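Please model the complete structure; the sequences and the hints are all you need to start from.
As you go down the protein sequences, you meet chains A and B in turn. Counting with this note's numbering, you get residues 52 to 439 for the letters of the first sequence. Counting with this note's numbering, you get residues 52 to 439 for the letters of the second sequence.
If you are wondering where the hints come from, they were derived from the structure by calculation, not from laboratory data. Some hints could be false.
A pair counts as met if it fits within one copy or between any two copies, since identical chains are not told apart.
Cross-link-like lysine to any residue pairs, in silico, SDA-like; alpha carbons within 25 Å at most [to be verified]:
| # | residue 1 | residue 2 |
| --- | --- | --- |
| 1 | K204 | G148 |
| 2 | K204 | E149 |
| 3 | K62 | T374 |
| 4 | K62 | P126 |
| 5 | K62 | Q305 |
The model shown is predicted, which means the values in this text are computed figures rather than measured ones.
Protein chains: 2
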Amino acid sequence: MSSSVIREILKVTQSPDVISFAGGLPAPELFPVEAVRQAASTVLDRYGAAALQYSTTEGHLPLRQWLAERAGITPDHVQIMTGSQQGLDLIGKMLIGEGDVVLVEAPTYLGALQSFNPYGPAYTQMATDEGGIDLDALEVQLAGLQQAGRSAKLLYCVPNFQNPTGRTLSLERRRRLVELTARFGVVVLEDDPYGSLRFTGEALPSLYELALGSCGGPDGSHVIYSGSFSKVLVPGLRDAWVQAAGPMIRKLVQAKQGADLHTPTFNQMIVTELVEEVMPAQIERVKALYGARAQTMMAQMKAHFPAGVSHTVPEGGMFLWVTLPESIDTTALLLKAVERRVAFVPGAPFFALGGGHNTLRLSFSSANDGQIGRGIEALGRTITEALG
Amino acid sequence: MSSSVIREILKVTQSPDVISFAGGLPAPELFPVEAVRQAASTVLDRYGAAALQYSTTEGHLPLRQWLAERAGITPDHVQIMTGSQQGLDLIGKMLIGEGDVVLVEAPTYLGALQSFNPYGPAYTQMATDEGGIDLDALEVQLAGLQQAGRSAKLLYCVPNFQNPTGRTLSLERRRRLVELTARFGVVVLEDDPYGSLRFTGEALPSLYELALGSCGGPDGSHVIYSGSFSKVLVPGLRDAWVQAAGPMIRKLVQAKQGADLHTPTFNQMIVTELVEEVMPAQIERVKALYGARAQTMMAQMKAHFPAGVSHTVPEGGMFLWVTLPESIDTTALLLKAVERRVAFVPGAPFFALGGGHNTLRLSFSSANDGQIGRGIEALGRTITEALG
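See the structure below:
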């Protein structure tokens, strides 16, 4: 399996002399370490032993209330998860049976495939372009399934600053996606870990918000929203959540009970302490840094990458996507790049059904400007050399 | 489904004027709150942002090393889990296919059934008596399966102070269980959350230890061991682990990657701080308290329960199991008991294939002596009334 080969190669890149654009790590220099220390202490003062006791599967009520208020829904529509990865797993477990059609972007988030795979989905790739999912092509696919007497069980997508491409779905396409999936009876899983990290352009409503407006409120929504504190606070506490219709939340509660009983009580309480006082300023710092680093990376690519190489221009998030001439296989390129002490993730594993041999993902979140300069220069040389 | 009815009834019992022997909550008054506060701070001093960053799926290496050393194995045989419930889920996902035979005790831990159910097991109940699993009956079952050209995929059991019965499997039966399952090629999942909480009698080797000795070391073991910090430190950090053969651990790593990426970094580091300095004394305090409370409960049952009611005599853990005359249905009894402001869990849901209508589980871990006295007296009256 190619993805495990890549994992082996990427292990090498953990040595400190390799500049890695491979990982999806948030910049640790911005983590609010002192605020977490203070919040941990405050939580133990306020709740005592209850902060360390078993708690409800649904999650810490004040945190669910805060999330619900922000989204204009009630806590009954919010389930806390142990990282958004758990949401993907449990939604897969709840919805996907052996052979069920699951629509995913080409390319899509690799971790979602890892979550869904054990449940035996039959993936169908959705074509994408610079604006994300191609809605004309999707409508043809959905109609084709319907004519064949089938339907898609789930459509998974990352509308904001997608992992791996950094692309964002336009407002018009969002509206059409919500309408199309409602019409064809397809549940949508909207994965939105990066939505708050927009460093340029206008914020767009989530698919979930659009569905609330058009489908008769939170219990009529066919869109499930997955949010996370990993990229806007810290990832190491593993706190995330899902918003969905009440009946779906109740099934998720049952699934989560069997999966880990509940998300750590202490961690949920710490996050609750931070969402009001710490998170807003934290998000501003993160956006400023990532926006600057994305600019640096794109400038360096312009300076050092040969002709015939193109890349996406993300408006937020942590990733951009590079397309090389067809003659280049990026898995082979990675070996050469690692020799020059620079790393990326080849694009192929992000395609559920193959493709993308000449693509690669770069993360601009965790390398500093100097590293970006040296790393992109080294990568440019590697590509130039590979082109002959 | 009867278990959701029971859950609804038990929700009522969360009001403070109900004495609940229903939950499996560790005694919060013993939680080392100040030690956790100190450990959290120490961890942030020592690791800084790394304590809040993504970390490896396998788990925090110093914690895996500590666990491995104690068990005479290497960290390659240890996987950290987000609560032992996650271990049950991922082992179920890894091993159980639709229709596979899974052997469980009658009665067994309800949470294990919840974890396994989504994978479609065909449960076979193992008969039990005061000494736990009946090995003669099991040998007949295994031979019968073999003759039918089938085999059991997994045997799940709790050898120490079982949940729900409080029973402990004898050394002789442990040896025979390890030998039998090796001979018939059955993987054993040994769930041991309470093993350190023995308040009377001699400690016995785990099935895993016996398998290490008889099956050629840690990579030859057909026993998977599931351990937890929930009952010996605190449950709200959700830290547990699995010990298994290397190839099995590598599959579990992959399954866990799709399930929650990794257990919270911060929590694993906090637990690592506590295992040497805090946990040993903590275990002594917990054992002393639970041992005393078990004694109190048994004395009160002797004083207040009518003739024809029997109960197990646990040597550790948190639970004991009560068998009432056949004429009593404990689900109906629960409604009457709650009217008298006392709660328990009816026994029926702990049986994978039915049975146990006249049994119930009592937890002696979290009620104090006064509550135990009043609660058992009220329960005794409820039973007496129900008997005529």
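Each hint, compared with the structure:
{"no.": "1", "hint": "K204 / G148", "result": "both (9 Å within a copy, 21 Å between copies)"}
{"no.": "2", "hint": "K204 / E149", "result": "both (11 Å within a copy, 20 Å between copies)"}
{"no.": "3", "hint": "K62 / T374", "result": "within (24 Å within a copy, 56 Å between copies)"}
{"no.": "4", "hint": "K62 / P126", "result": "between (41 Å within a copy, 18 Å between copies)"}
{"no.": "5", "hint": "K62 / Q305", "result": "between (36 Å within a copy, 15 Å between copies)"}
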